[in-house]
Amino acid sequence: MIDKKWIGQEVGHSTLIIERGRLKFFAKAIGETDPIYSDEAAARAAGYADLPAPPTFLFAAEMDSGVLFTFIDRLGIPLSKVLHGEQGFEYLVPVVAGDIVTVSSRVKDIYDKRNGALEFLEMESTVTNQDGVTVAKLRNTTVVRN
Amino acid sequence: MPAPAFDTIEVGDRLPDLLLPPVDRTTLALFAGASGDHNPAHIDIDAARASGMPDVFAHGMLGMAWLGRLLTSWAPQSRLRRFDVRFSGITHLGNAMRCSGQVVEKLEHEGERCVRLEISSMNQYGQPKIDGVALVALP
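These protein sequence lines are chains Y and H, in that order. Read in order, the letters of the first sequence are residues 14 to 159 in our numbering. Read in order, the letters of the second sequence are residues 64 to 202 in our numbering.
Don't read these hints as lab results, they were simulated from the structure. Just so it is clear, CB atoms sit at the ideal spot from N, CA and C, and this is done for glycine as well. Zero decoy hints are in this set.
Covered stretches of chain H (in silico footprint by chain Y; criterion: 3 or more residues with CB under 8 Å from a CB of chain Y, positions within the stretch not fixed):
1. 90 to 97
2. 110 to 122
3. 125 to 134
4. 139 to 153
Just chain H, same shape as in the assembly (with noise of 0.2 Å):
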């Protein structure tokens, strides 16, 4: 997939949405060992009661590798230089994330041409979850 023309974008273009399925247990088992982040509160219920919380809930991770997701769809990863996000809500199981991303500004970094995207992602309720900025250089 090529990357956008330099050219070609104008700050407010807006990238594709990205939509996910609802989160669901096995998604987040899966993300848990595919991560590295073993924290209980992700897939144990009992852990995540003990914790306060009502049931599991999903890792901030697999929320940002899905912002991760729209970004590589629109340009190709060797092109993303820096990708920042805030972690604003928990995202609970059955939420079904919107992941949507807007150029905001045109720039020059590190001698290369580039784009800072605003990106974040919320859930089917319009609730926030994670907001963030990444940086993409394009030819």
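Bound conformation, chain Y alone (with noise of 0.2 Å):
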């Protein structure tokens, strides 16, 4: 069972520069083709500053940083154990390339089902930009099949 301990502590941070050849590379691999995800140009004309990081890219951000999985590696869980139940997220400025943004991540709750033998780890985190200002929110909620 994981250690109800570390509920409320933060579990580390990291800081990933929004490249255009990443977020091109993110757009082929979802099948995504509206020119505002590849073109700058595009972009600009559709009011902004730089090709925009797709609605679920900033997932991309925190698992670039390891954070989720080095934490439930030094949980001792093997990831062979574990499936993605939820995830959330809220927009509160819109994150383009150039950006460099650093996401912080904090466990939110821990609790079980069917007596432990499914576990489940709630993590939220906060997306700040260059500027740091809080850009978006993320939660995502971890099941782990015991």
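Hints in hand, dock the two standalone chains.
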């Protein structure tokens, strides 16, 4: 069972430069063909300062940091036992190519169901940009199959 | 692409469905690299089998990214305020997903006129994989 002492604790933060090339790769990987996600001129014409990061891209910033998987490893949970249960985003300011974002993650809750057969790890993260402005909030629930 | 006008939208209106090609290994490999989720269960059949799965399976976040496409093809991304989902089933190789959305509420949220959408994705056999809600501000 996951030690509940972790509830409320900060478990790490990381900084990611939002690169155009990475955003174009992400757009290709998800089959996104709207030119605002791959053509800087189209993005500017649509009112963005540069290519916008697609709605779920900030999860990549969190994954790049390795914060979640490192924490799961630290808890002694094999990656093969975890599933993604829930994911949420709250958007405050658009994130575009050239931004430098910092993701800070905290354990929100830990609980179990079915007498521990399933454990749930809820994390919440705040994303700030290079100006110190909070641009988004993320939350995710990881399910551990014991 | 302009956003739909708040006054022309009614509860019950449906977004145009987004239909995806069947999930294949190439898609999963590309998404692993692009998303930064390198969990081998999605890209290495040996790792998937070692964890009790018959084969590699799709990242939940790939399905959520497709729901994101459903939303941003309906209203510009700059109007998206919240996007929350629950993963209810594993998306397997060969699953061809259909993403759907429907307006369920018109409301004011932090001084903006918004619509709440219920969104979901299911495979070609009608098995649900993701359900969730999104909040979109409209002009």
